[in-house]
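J.: One-letter residues, chain by chain:
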Amino acid sequence: MKEEYKNIIIRVVDEIFEDFAFMFQESLLKEDIPEIDENCIKTSIGFEGPVIGTVSLVVPETMCKVLAANLLGFDQEEILVPAKGIDALKEVLNIICSNIITSLYNEDLVFEYSVPKAVRIDKEEWLKIVEKPEVLTFMMDDFPVLVEFIESDI
Amino acid sequence: MNKQLPITVLLVDDSQITLSIIEKTIRIAGFPIKAIFHASNGHEAYDIVNTRKIDLVISDIIMPVMTGVELVNKLKANGYTKKLRIIVISSEGSKTKIEELKANGISGFLRKPFKPEDVKELIKRVMWGQDERRV
Chain A
1 MKEEYKNIII
11 RVVDEIFEDF
21 AFMFQESLLK
31 EDIPEIDENC
41 IKTSIGFEGP
51 VIGTVSLVVP
61 ETMCKVLAAN
71 LLGFDQEEIL
81 VPAKGIDALK
91 EVLNIICSNI
101 ITSLYNEDLV
111 FEYSVPKAVR
121 IDKEEWLKIV
131 EKPEVLTFMM
141 DDFPVLVEFI
151 ESDI
Chain B
1001 MNKQLPITVL
1011 LVDDSQITLS
1021 IIEKTIRIAG
1031 FPIKAIFHAS
1041 NGHEAYDIVN
1051 TRKIDLVISD
1061 IIMPVMTGVE
1071 LVNKLKANGY
1081 TKKLRIIVIS
1091 SEGSKTKIEE
1101 LKANGISGFL
1111 RKPFKPEDVK
1121 ELIKRVMWGQ
1131 DERRV
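Sequences listed follow chains A and B, in order. Oh and the first sequence: position 61 is 61 in the working numbering, straight run, nothing missing. Oh and the second sequence: position 110 is 1110 in the working numbering, straight run, nothing missing.
These aren't lab readings, by the way, just hints derived from the structure by calculation. Honestly, I wouldn't trust all of these hints.
[Claimed, not checked] Chain B regions said to be covered by chain A (calculated; three or more residues, Cβ under 8 Å): (1) 1043 to 1055; (2) 1093 to 1106.
[To be verified] With beta-carbon atoms standing in for the labels, derived distance ranges: (3) Asp-1047(B) / Val-115(A): 16 to 22 Å; (4) Tyr-1080(B) / Glu-3(A): 51 to 57 Å; (5) Ile-1028(B) / Glu-35(A): 37 to 43 Å; (6) Gly-1105(B) / Asn-39(A): 42 to 48 Å; (7) Ile-1028(B) / Asp-108(A): 50 to 56 Å.
Computed from a predicted structure; not experimentally measured. Ideal Cβ positions, reconstructed from N, Cα and C, are used throughout, including at glycine.
Sequences and hints are given; from them, build the entire structure.
T.: Here's what the structure looks like:
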């Protein structure tokens, strides 16, 4: 990831989680990311304009429920349907993605976005993603979070 | 709020969470509401608009099957629905695209993430012309 992109992406992720999901982040060095002992959800959105690429958000599965509860103003126990958690994660990614794009590039440019997709991944896959150079690592309240930003010229 | 006729609102978003948040905001705001319908894409929304009397459509842009932009264009091209008030609430940040939507006849635009009070003020302005704060 380009050095000049890092601070912008960290700021956007910080603002969206704080303002929309009421979760507070600290950026984290990759070597400090705690071990996880559960499956994770990876959700991704593709963007296409003068530049094409993908933004992904990867979080432990239990965090999805917290996100849904925070967005809806409910207690976690009231989120009975796991799909609501994944839906919440997709919506947060949707907002993060478009805010990253308008922060990195000119606001007059037009980008098309794909519908967010989510997949469940295991711990091994999580560790592989952590090691990628395009990935930034965060702690969001007590949850480790990965943000992957991939761009390429058309 | 003065005496106003109750309105029927159609919320269009593929995110159930967002539909719930906007519905909750509208209900808490105390607007006179007759009914609130949900659709998960533009196609479903278009069907509802053609079978129910809808006063206000609040739609996202990025959705499967039919996007919000396609929905706006279709509603504005139809003589029966062209005067329908439409608010777009989306994460879209391209000024060019937002201007295009406004030129196509939407009544208001709000960028996600939104604050509940922004939704409330925008609905008030679009439905009852109370321009307390421009969004």
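J.: Can the suggested window of 16 to 22 Å be confirmed for the beta-carbon pair Asp-1047(B) and Val-115(A)?
T.: 20 Å, holds
J.: Range first: 51 to 57 Å. Now tell me if the beta carbons of Tyr-1080(B) and Glu-3(A) are that far apart.
T.: The hint (51 to 57 Å, Cβ to Cβ) holds, given that Tyr-1080(B) and Glu-3(A) are roughly 55 Å apart.
J.: Within the assertion that chain A covers the stretch 1093 to 1106 of chain B, do at least three residues meet a Cβ-to-Cβ distance smaller than 8 Å?
T.: Result for this restraint: holds, n = 5.
J.: Quick one: are Ile-1028(B) and Asp-108(A) within 50 to 56 Å, going by C-beta?
T.: Given about 36 Å between the Cβ atoms, the range is violated.
J.: Cβ-Cβ distance between Gly-1105(B) and Asn-39(A): within 42 to 48 Å?
T.: Hint holds: Cβ distance 46 Å, inside 42 to 48 Å.
J.: Examine the stretch 1043 to 1055 of chain B for residues whose CB is less than 8 Å from any CB of chain A, and state whether their number is three or more.
T.: violated (count 0)
J.: Cβ-Cβ distance between Ile-1028(B) and Glu-35(A): within 37 to 43 Å?
T.: 41 Å, holds
In summary, the numbered hints that this structure violates are 1 and 7.
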